[in-house]
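S.K.: In the order they appear, the protein sequences are chains A and B.
First residue of the first sequence? That's 1 in this note's numbering, and the numbers climb one at a time after it.
First residue of the second sequence? That's 1 in this note's numbering, and the numbers climb one at a time after it.
Incorrect hints may have been included.
Sample of chain B residues facing chain A (criterion: CB under 10 Å; computed from the structure) [what the hints assert, rightly or not]:
1. N38
2. E48
3. A74
4. W109
5. F110
6. A118
7. Q119
8. D136
9. E189
10. D190
It should be emphasised that the hints constitute simulated quantities derived from the structure, not laboratory data.
C-beta: ideal position from N, C-alpha, C; glycine also.
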Amino acid sequence: MKKILFALLFSLACVSQAATPLPGDSVLQIDHVFTSQDAKNFKLVERRGKPQLVAMFYTSCKYICPLIIDSAKGVENSLTPAEKNKLSIMLISMDPARDTPEALMYIVNKRKLDTKRWTLARTDESGVRTIAALLGVRYRLLSDGEFNHTSALIMLDAEGRVVARTETLGNKPDPQFLAAVKKTRAPTGKTKQK
Amino acid sequence: MRKFIFLACFISTASLAGGTYVRIPAGEFTSVLKYEDNKGKQKMSAFEMMKQPVTNAEFLAFVKKNPQWQRGKAPKVFAEPKHYLSHWQTPLILGAKVKPQQPVTQVSWFAASAFCEAQNARLPTWNEWEYTAAADAKRRDARSDPAWRESILSWYSKPSNTPIADVGKTPANIYGVQDLNGLVWEWTEDYSAMLVSADNRNQSDPDKSKFCGASALSMEDKENYAVMMRVAMLSSLEAVNSTSNLGFRCARNLP
Numbered sequence: 001m002k003k004i005l006f007a008l009l010f011s012l013a014c015v016s017q018a019a020t021p022l023p024g025d026s027v028l029q030i031d032h033v034f035t036s037q038d039a040k041n042f043k044l045v046e047r048r049g050k051p052q053l054v055a056m057f058y059t060s061c062k063y064i065c066p067l068i069i070d071s072a073k074g075v076e077n078s079l080t081p082a083e084k085n086k087l088s089i090m091l092i093s094m095d096p097a098r099d100t101p102e103a104l105m106y107i108v109n110k111r112k113l114d115t116k117r118w119t120l121a122r123t124d125e126s127g128v129r130t131i132a133a134l135l136g137v138r139y140r141l142l143s144d145g146e147f148n149h150t151s152a153l154i155m156l157d158a159e160g161r162v163v164a165r166t167e168t169l170g171n172k173p174d175p176q177f178l179a180a181v182k183k184t185r186a187p188t189g190k191t192k193q194k
Numbered sequence: 001m002r003k004f005i006f007l008a009c010f011i012s013t014a015s016l017a018g019g020t021y022v023r024i025p026a027g028e029f030t031s032v033l034k035y036e037d038n039k040g041k042q043k044m045s046a047f048e049m050m051k052q053p054v055t056n057a058e059f060l061a062f063v064k065k066n067p068q069w070q071r072g073k074a075p076k077v078f079a080e081p082k083h084y085l086s087h088w089q090t091p092l093i094l095g096a097k098v099k100p101q102q103p104v105t106q107v108s109w110f111a112a113s114a115f116c117e118a119q120n121a122r123l124p125t126w127n128e129w130e131y132t133a134a135a136d137a138k139r140r141d142a143r144s145d146p147a148w149r150e151s152i153l154s155w156y157s158k159p160s161n162t163p164i165a166d167v168g169k170t171p172a173n174i175y176g177v178q179d180l181n182g183l184v185w186e187w188t189e190d191y192s193a194m195l196v197s198a199d200n201r202n203q204s205d206p207d208k209s210k211f212c213g214a215s216a217l218s219m220e221d222k223e224n225y226a227v228m229m230r231v232a233m234l235s236s237l238e239a240v241n242s243t244s245n246l247g248f249r250c251a252r253n254l255p
């Protein structure tokens, strides 16, 4: 009996640990299913626990999107190895019709993105609208299949709260944004979370 | 016999309360929004739209079924705690000042989308909304009629602190849809896609890198202030915002 009780208490403790609600301002609350370049389905809440750099793009984009990848790489390259290891980078496609996992993988290979750190993800139309709204990205599909969209890099802390945002793109990172990226630590770090 | 048919029609019309959908036929349409890539011309497919905006009573039933959308429970990333359903007496009681048949307001775009998705529908696109709202009782496109424009503008000039009327009090348009003009502002699915931002509204040189695939927007029909005001208002919003005169209705593709 005691054993059972203990097991029960133990499982309860585990449940409450796992169910610590996300903060109200966490964008990881989005309930839609995402799919990565290796065709794995996930929800954003599974990415809780590590600060991440997020942006929206689409693979057939000729103009700004390569620059979005360059910009994220620019941030990555400005970090120390230790800082790099604490960061994840996720690019979310706004083109669910064409951006299959294969299309995402093509970009991963073409741009030589390190999948230890980088995830390229897709979701359905409703997911795209919702994540774009959460990230403050505005977009419209044009008649030629391109998108008109705002471009931004967004830094999320380990709980998925937006801590910094920049619309300055290029190889050389926006200094204020870079400083915010460096400051954002995982919750296990010694620095206290905001 | 004729009397009987008449009666049957009458009953079926009377039962069309809010929450029922009306079929909007396909057609061609020139949006007031003119982009470089479409010049305003739109081919519209047939779809269905709610006859009336969603009411307080309907939204209350939704939050009872979906507690995560109750005031106080909805994460603040989806709805501003200060404003979301703030006019209701409690999260589950409308109270004396709020009538069940008034359109629900103080709802964020996220909450409105969730309501529609819960009934396998979605918010209408801007084009669908504008296309349907261009009709009056007799014409599918009444927009060139100065009297029609005047009637819409006269609603704008009403002070916004007067209580909002119940749904279903304005005349139905040719499709049988009510309250598109003259009751509340309404969310659209792609409200944020209109890209009329402070930066490009002046049409000079918007920050080119801010908009990828830059396709400038201009207004097709500069006389149509009523619609332009709606566009300006919607594009100034964030999806988390809610206001005291902004509601919504749902739309869906044909089965």
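S.K.: Tell me the hint numbers this structure goes against, listed in increasing order.
M.R.: Result: hints 2, 6, 7, 8 break, sorted rising.
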